[in-house]
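Visitor: Counting from 1, one number per residue, gives the positions in the sequence shown under the working numbering.
Hints are computed from structural coordinates only; laboratory data are not their basis.
If you're wondering where the values come from, they're calculated on a predicted model, not measured in any experiment.
Check the hints yourself; a few may be wrong.
Using 25 Å as the maximum straight-line C-alpha spacing, the simulated DSS-like pairs for lysine-lysine come out as follows [as the list claims (entries may be wrong)]:
| id | residue 1 | residue 2 |
| --- | --- | --- |
| 1 | Lys-45 | Lys-24 |
| 2 | Lys-227 | Lys-129 |
| 3 | Lys-227 | Lys-127 |
| 4 | Lys-79 | Lys-67 |
| 5 | Lys-197 | Lys-101 |
| 6 | Lys-2 | Lys-79 |
| 7 | Lys-127 | Lys-45 |
| 8 | Lys-101 | Lys-175 |
| 9 | Lys-244 | Lys-79 |
| 10 | Lys-67 | Lys-56 |
| 11 | Lys-249 | Lys-227 |
| 12 | Lys-79 | Lys-24 |
| 13 | Lys-2 | Lys-101 |
| 14 | Lys-127 | Lys-2 |
| 15 | Lys-2 | Lys-197 |
| 16 | Lys-129 | Lys-197 |
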Amino acid sequence: MKNIILITGCSSGIGLESAITLGKRGNQVIATMRNLEKRALLDQKTEESDINIEIKQLDVTDLDSIKNVARQIEKTYGKLDILINNAGFGVAGFFEELTLKEYRFQMETNYFGVINVTKIFLPLLQKRKNSKIINISSLAGLNAVPGGSAYNSSKWALEGFSECLRYELNFQNIKVFLVEPGPFPTKAIGENMIIGKYVMDKSRANYAYTSKMFQLIEKRNKRLKSKVSEVTNVITRITEGKIKRLRTKVGSRYSPQFWIRELLPFKVYEWLLMKFIG
Numbered sequence: 001m002k003n004i005i006l007i008t009g010c011s012s013g014i015g016l017e018s019a020i021t022l023g024k025r026g027n028q029v030i031a032t033m034r035n036l037e038k039r040a041l042l043d044q045k046t047e048e049s050d051i052n053i054e055i056k057q058l059d060v061t062d063l064d065s066i067k068n069v070a071r072q073i074e075k076t077y078g079k080l081d082i083l084i085n086n087a088g089f090g091v092a093g094f095f096e097e098l099t100l101k102e103y104r105f106q107m108e109t110n111y112f113g114v115i116n117v118t119k120i121f122l123p124l125l126q127k128r129k130n131s132k133i134i135n136i137s138s139l140a141g142l143n144a145v146p147g148g149s150a151y152n153s154s155k156w157a158l159e160g161f162s163e164c165l166r167y168e169l170n171f172q173n174i175k176v177f178l179v180e181p182g183p184f185p186t187k188a189i190g191e192n193m194i195i196g197k198y199v200m201d202k203s204r205a206n207y208a209y210t211s212k213m214f215q216l217i218e219k220r221n222k223r224l225k226s227k228v229s230e231v232t233n234v235i236t237r238i239t240e241g242k243i244k245r246l247r248t249k250v251g252s253r254y255s256p257q258f259w260i261r262e263l264l265p266f267k268v269y270e271w272l273l274m275k276f277i278g
C-alpha cells in the first residue's frame with residue numbers, strides 16, 4: 001500500500017477519475033461524495049479495475065459529516081497521507097441578477113468547504129511526515145469573466161487560502177498544492193453549473209449579455225479537446241513527488257482567453273472582451 005488518500009467530490013469528473021487512477025497505483029483511496037445515490041458509476045469503474053476503493057458519504061458543508069469520516073479513518077488507519085479537495089460547482093450569472101443567498105451557497109462549497117475539510121483532517125495529516133494537501137482550483141481563479149463573479153471569487157479565495165497555507169504548513173513538512181484546470185468536459189461546466197434564479201429573466205437589464213455569454217460557453221464546450229485524464233495525471237505526479245511547485249495549470253493551451261490576458265496590457269484585453277460579448 002502506498003498512501004492513504006481521501007478525495008472529495010467523487011461522484012463524477014475529476015474526483016471519480018482521480019479515485020480510479022490513484023487506486024490502480026496501489027493507494028488506499030477513500031472516495032467521498034455528498035449523495036451516495038450517485039455512486040453507481042464509481043462502483044462500476046472500481047469493479048472493472050479490480051481495485052479496492054472505500055466510498056463514504058461526506059458533505060463538505062456539514063461539519064458532522066466530515067468529522068464522522070475523519071473518525072473512521074483514524075480508527076482504521078490512524079493517519080492520512082494525502083487530502084484532495086475536489087468538490088465544487090459553479091453559480092453563473094451577472095452580479096445584479098444573483099441573490100446574496102446564491103453567493104453564499106457558492107462560497108460554502110468551493111471555499112469554506114475546503115476550509116472545513118482541511119481543518120478537520122489536518123490532525124490526521126500531521127501524524128505523517130511529508131503529507132500533502134491538493135486543492136483543485138481553476139484558471140477561473142486567475143482569470144475573471146462577465147457572469148462569473150460568484151464562481152471566480154470562490155476560486156480566487158481558494159487560491160489565496162492555499163498559498164498562505166503552503167507557507168504556514170511548510171514548517172510541519174506538509175506540502176500544499178494547487179491544480180488549476182482550464183475548461184474541461186466535466187459536470188462542473190454542465191450539470192454542476194447552476195444558473196441563478198433571476199439570471200434568465202427576460203425583463204432583467206443584463207439578459208441580452210447573459211444570453212450571449214451562455215451561447216458562447218455552449219459553443220466552447222462543444223469544441224473542447226482536453227481530457228480529464230490530463231488533470232488526473234498531474235494529480236498523480238503530485239502524489240508521487242514528481243511535481244513540487246505550488247501551482248500547476250492544466251489544459252491552459254485550450255484557454256486562449258487566459259493567454260491573451262497574460263500577454264496583453266489590461267486595457268487592450270478589456271476592450272477585446274467587451275467587443276466579444278457586446
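Visitor: It remains to establish, for every hint, whether it holds in the given structure.
Guide: Structure-based check of all given hints:
1. Distance restraint check for Lys-45 and Lys-24: the Cα-Cα separation of roughly 11 Å lies within the 25 Å cut-off, and the hinted pair is therefore satisfied.
2. Under the criterion of a C-alpha separation no larger than 25 Å, the hint pairing Lys-227 with Lys-129 is inconsistent with the structure, at around 33 Å.
3. Pair hint Lys-227 plus Lys-127 does not hold up; C-alpha atoms about 35 Å apart against a cutoff of 25 Å.
4. The suggested pairing of Lys-79 with Lys-67 holds, with an alpha-carbon distance near 14 Å, which does not exceed 25 Å.
5. For the proposed pair Lys-197 and Lys-101, the alpha carbon gap of about 10 Å is at most 25 Å, so the pair holds.
6. Of the supplied pair hints, the one linking Lys-2 and Lys-79 holds, its CA atoms being roughly 13 Å apart against a limit of 25 Å.
7. At roughly 31 Å between alpha-carbon atoms, Lys-127 and Lys-45 are farther apart than 25 Å, so this suggested pair is violated.
8. Between Lys-101 and Lys-175 the CA atoms are separated by roughly 34 Å; this puts the pair beyond 25 Å, and the hint is violated.
9. With a C-alpha separation of about 22 Å, the suggested pairing of Lys-244 with Lys-79 holds against the 25 Å cut-off.
10. For the suggested pair Lys-67 and Lys-56, the alpha carbons sit about 12 Å apart, so the restraint of at most 25 Å is met.
11. Among the hinted pairs, Lys-249 with Lys-227 is consistent with the structure: their alpha-carbon atoms are about 14 Å apart, no more than 25 Å.
12. A threshold of 25 Å between alpha carbons decides the hint, and for Lys-79 with Lys-24 the separation of about 21 Å falls inside it, so the pair holds.
13. Restraint check: the Cα-Cα separation between Lys-2 and Lys-101 comes to about 42 Å, which exceeds 25 Å; the hinted pair is violated.
14. As the CA atoms of Lys-127 and Lys-2 are separated by approximately 16 Å, the hinted pair is consistent with the 25 Å bound.
15. Of the supplied pair hints, the one linking Lys-2 and Lys-197 is violated, its CA atoms being roughly 46 Å apart against a limit of 25 Å.
16. For a cut-off of 25 Å, the pair hint linking Lys-129 to Lys-197 is broken: about 46 Å separates their Cα positions.
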